[in-house]
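S.K.: Each chain is listed here by its residues.
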Amino acid sequence: MPGSLPVMNVGAVEMAIRFGLAVGARVAERSVFERKNYFYPDLPKGYQISQYELPVVVGGGLKVRLDDGSEKFVQLTRAHLEEDAGKSVHDAFHAETGIDLNRAGTPLLEIVSEPVLSSAAEAVAYLKTLHTLVRWLGVSDGNMQEGSFRCDANVSVRRPGEALGTRAEIKNVNSFRFVEKAIDYEVERQIRLIEAGGTVVQETRLFDAHKGETRSMRGKESAHDYRYFPDPDLPPLVIAADDIERARLAMPELPEARRQRYIDSLGLTTYDASLLTSDRVTCDYFEALSSAIPGQPKLCANWVLGEWLGALNAAGQTPEQSPIGAERLGGLLVRIGDGSLSSKMGKQVFEAMWLGDETADAVIERLGLKQVSDSSALAGVIDDIVAANPKQVEQYRGGNDKLLQFFVGQAMKATKGQANPAQLNELLREKLKA
Amino acid sequence: MSPDLDTVGGQLDALASGASSARELTERALDRAAHAQNRLNALISSVGADHALAAADAADYNRAAGRAGPLSGIPFAHKDLFCTAGVPTTCGSRMLENFVPPYSATVHERIDAAGGVLIGKANMDEFAMGSSNEHSYFGPVHNPWDLTRVPGGSSGGSAALVAARVVPFATATDTGGSIRQPAALCGVSGIKPTYGRVSRWGMVAYASSLDQAGVIALTVADCARVLDVMSGFDPRDATCADRPKIDVAAALARPLQGLRVGRPRQWFGAGIEDGVGAAVEAAIAEYARQGATIVDVDLPSSEYAIPAYYVIAPAEASSNLSRFDGVRFGHRCADPKDLADLYKRSRAEGFGHEVQKRILTGTYALSTGYYDAYYLRAQRVRRLIANDYARVFADVDVLAGPTSPTVAFKLGEKLADPLALYLADINTVGVNLAGLPAMSIPCGFSQGLPVGLQLVAATWREDLLIGAGHGYQQVTEWHRAAPPGVSP
Chain Y
1 MPGSLPVMNV
11 GAVEMAIRFG
21 LAVGARVAER
31 SVFERKNYFY
41 PDLPKGYQIS
51 QYELPVVVGG
61 GLKVRLDDGS
71 EKFVQLTRAH
81 LEEDAGKSVH
91 DAFHAETGID
101 LNRAGTPLLE
111 IVSEPVLSSA
121 AEAVAYLKTL
131 HTLVRWLGVS
141 DGNMQEGSFR
151 CDANVSVRRP
161 GEALGTRAEI
171 KNVNSFRFVE
181 KAIDYEVERQ
191 IRLIEAGGTV
201 VQETRLFDAH
211 KGETRSMRGK
221 ESAHDYRYFP
231 DPDLPPLVIA
241 ADDIERARLA
251 MPELPEARRQ
261 RYIDSLGLTT
271 YDASLLTSDR
281 VTCDYFEALS
291 SAIPGQPKLC
301 ANWVLGEWLG
311 ALNAAGQTPE
321 QSPIGAERLG
331 GLLVRIGDGS
341 LSSKMGKQVF
351 EAMWLGDETA
361 DAVIERLGLK
371 QVSDSSALAG
381 VIDDIVAANP
391 KQVEQYRGGN
401 DKLLQFFVGQ
411 AMKATKGQAN
421 PAQLNELLRE
431 KLKA
Chain S
1 MSPDLDTVGG
11 QLDALASGAS
21 SARELTERAL
31 DRAAHAQNRL
41 NALISSVGAD
51 HALAAADAAD
61 YNRAAGRAGP
71 LSGIPFAHKD
81 LFCTAGVPTT
91 CGSRMLENFV
101 PPYSATVHER
111 IDAAGGVLIG
121 KANMDEFAMG
131 SSNEHSYFGP
141 VHNPWDLTRV
151 PGGSSGGSAA
161 LVAARVVPFA
171 TATDTGGSIR
181 QPAALCGVSG
191 IKPTYGRVSR
201 WGMVAYASSL
211 DQAGVIALTV
221 ADCARVLDVM
231 SGFDPRDATC
241 ADRPKIDVAA
251 ALARPLQGLR
261 VGRPRQWFGA
271 GIEDGVGAAV
281 EAAIAEYARQ
291 GATIVDVDLP
301 SSEYAIPAYY
311 VIAPAEASSN
321 LSRFDGVRFG
331 HRCADPKDLA
341 DLYKRSRAEG
351 FGHEVQKRIL
361 TGTYALSTGY
371 YDAYYLRAQR
381 VRRLIANDYA
391 RVFADVDVLA
401 GPTSPTVAFK
411 LGEKLADPLA
421 LYLADINTVG
431 VNLAGLPAMS
441 IPCGFSQGLP
451 VGLQLVAATW
461 REDLLIGAGH
471 GYQQVTEWHR
481 AAPPGVSP
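Same order as they appear, the protein sequences are chains Y and S.
For the first sequence, position 290 (counting from the first letter as 1) is numbered 290 according to the numbering used here, and the numbering increases by one without interruption.
For the second sequence, position 149 (counting from the first letter as 1) is numbered 149 according to the numbering used here, and the numbering increases by one without interruption.
Calculated directly from the structure, the hints in this document are not laboratory data.
Treat each hint with caution, since some may be false.
[Claimed, not checked] With the Cβ distance kept under 8 Å, some of the chain Y side facing chain S (calculated, not the full set):
#1 M1
#2 G3
#3 L5
#4 M8
#5 F39
#6 P44
#7 K45
#8 R227
#9 F229
#10 P232
#11 P235
None of the values given here were measured: they were computed from a predicted structure.
Heads up, the beta-carbon is just placed ideally off N, CA and C, and yes, glycines get one too.
The task is simple: from the sequences and hints, build the whole structure.
M.R.: As structure tokens, then:
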């Protein structure tokens, strides 16, 4: 729009600082916005505001766990703030290209890694770690379909020991699966090219998800001269040490630290700890749940990763949409923990809770599901069964241990399945011993 | 004595006493505008008389209800690069010939809120590029003092309208002298405040780091009054400073006695017309007579101001004007055969020659391989120039000299010699590079044409300019001289 001016988005700066701190980078006390000049229909001003020579975040790195269980530290070059461009829509109109400017001008943090990733799988593992982290920090909702998290992959090949080869950049890939496919395709293409005596051209390529291949976007003869220069509409971004310190104090516990704590202090398995810390909302749910019923971290983890996530998946809902809050689920786990409910009954109660807003106790009351753990009540039942089945008592005492299950079954029948099985076993053994 | 209805102050007195209504003043301005249009070609975008009169009636109503703002009922014109919601904003360009902005510039919002009545929008050099107002798609503006001569530029329409007593003030912008030079050539007063004093939101950019909005009026007091309304912090412009307002009353009361006036040797060099030099020297002598101290000072980097300006301003312009590509706003060529054709022809058809020339110059200066030699070097020169000024302001309050080395020249005279035209800004561009406040006030005549005195102060010291300019107008009559053929 003629006459309009940009202003700094303070929230975006705060997020850049948070990200920089989370990856152990240096947050620049002074960074500069420049204009990257080029003409394209989805770029309304004819230039993009970006950081070029002086970015806001410098260095840092991420610990990435690979599929084989090993760990790799991926160094970051920088992260800079810029404005997003619009989107050209090629398939919505017949023989015409549409321009969607809805995201034009929204803030974007471009995170650049060093050339240290040596396979498509490593790249994807790195991206997933990054994805978890930016969602964790609230920097991005990570929605890849909407383009809130997308990837430009620079790919080159070399023989062992040689210097890095010429790279090709694959632009705007928007799913982990496509990143893996695109890189694998590009690696193959470059190897074939070189082995056929050709050379790789430094260029921008597009991944065609339908054909599963990359293709050149523009030839080098039309290579852009972006004519970067400091944006005279925006003074340099100056971040005071105080602001960085404040952000540091407000930092949430990071996923890696939490994972380690779950393994070391809560005694969770590595697998469970990793799963729980792969998503902030799930993990915070677990935190709330395990603090509601202290001392039972494994029970909590089992329920979060089992019933709760299972129910969400089945309903096609995200953790944010969970109809059962951590406090309400805690009420159920308390009943399981104190033996009032068997885990099978727990699942029945859970299902009822999912469909309404009752507390666990209300559901138990309504369905009459309370497990009979009162030993005097059970003792009466057992006395009756023993008296009524003298033959089986005789055989059991004669050494046929398997008959215990017969008495358990009878007792369950008599209590309509509400007897606490562990307690029942114990009482029966005691009674039949004599 | 009846109030002087040509000035803001006089009109406000008349409104306050009930001697005039906003409707009468607006009708008077519209009549004068219609009368002047054939001769001056100073207005290019119309508000519509009904619209202006409705605003005037609203101002009268508000005044009667005791809700008069500081400019309630005062007719005015905007330079046609301030966006005005619902009113065409052309920037003097074919590119924006049919552009009607959906929003208003901060400057317009503030004047509107203060009760000003917009009667039309003033002609200008296309996208504020030029010093003669001959680079307008809508034809040149004629100088009211001599219709065969230029009014100066780029705010030529604003200066001509005020000189012809059509409106008591007009907004203007100054990137390299575009308020001061036309004010000088038309014999009126114009103030360009410190960079950052007035919001640039909604003001179509030429060179963002140099552009600054200001006022052209008949008196310094009127300039100060309007500037007070326009200025102040605006969160929509990151370069707009959060500074205390100018204490206008105190500034106007400042005596000339004891004022330290610097006389930069470099402003009186070769190329200055004898008559201009004589009028300016006489004005400086008047300051001395009023008790000011006159000091000769040096601005050694001055000679580099023009080359530095003509690198930095076109560089920024080349980027600022990229948004006019035929895709969204402005001119689009007919039947483009592909995207590149759309860009090329829309821009070739929409932009005039001077604008194209500056876009090309700026693109070149920012290109890989030339950036360091041109843009970066020009920025270093800019720093040296700012340092020159900072140094002299340790010893003086204001600098005084000729705004323009010449009086208004003939239409067409310098069109064939762009370098000569660029040199019209030789004394003004350094001020923009340093971000300083400056003013031009009438100080005499040469060959029957007005001569302007340029005053410059340190950053944020508009109060010194206002004091020096107003003090001078209290003891001289130059600002009262009107060109022939003013009233209908």
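S.K.: Against this structure, judge whether each hint is valid.
M.R.: Evaluation of the provided hints:
With a least beta-carbon distance of about 7 Å to chain S, the hint placing M1(Y) at the interface is held under the 8 Å criterion. The beta carbon of G3(Y) is positioned within 8 Å of a beta carbon in chain S (closest approach about 4 Å), and the interface hint is therefore held. The beta carbon of L5(Y) comes within 5 Å of a beta carbon in chain S, closer than 8 Å, and the hint placing it at the interface holds. Interface hint at M8(Y): satisfied, since its Cβ lies 6 Å from the closest Cβ of chain S, which is below the 8 Å cut-off.
The restraint placing F39(Y) at the interface with chain S holds, with a minimum CB-CB distance near 6 Å, inside the 8 Å limit. Hint on P44(Y) holds. Least Cβ distance to chain S is approximately 6 Å, under the 8 Å limit. The closest approach between the C-beta of K45(Y) and any C-beta of chain S is roughly 5 Å, which is under the 8 Å cut-off, so the hint is satisfied. For R227(Y), the shortest C-beta to C-beta distance to chain S is roughly 4 Å, which falls under 8 Å, so the interface hint holds.
The criterion of a C-beta within 8 Å of any C-beta in chain S is met by F229(Y), whose closest approach is roughly 5 Å, and the hint holds. Among the interface hints, the one on P232(Y) holds; its C-beta lies about 4 Å from the nearest C-beta in chain S, closer than the 8 Å criterion. Interface restraint check: P235(Y) against chain S, minimum CB-CB distance 6 Å, threshold 8 Å, status holds.
Hint check: no violations occur; every hint is consistent with the structure.
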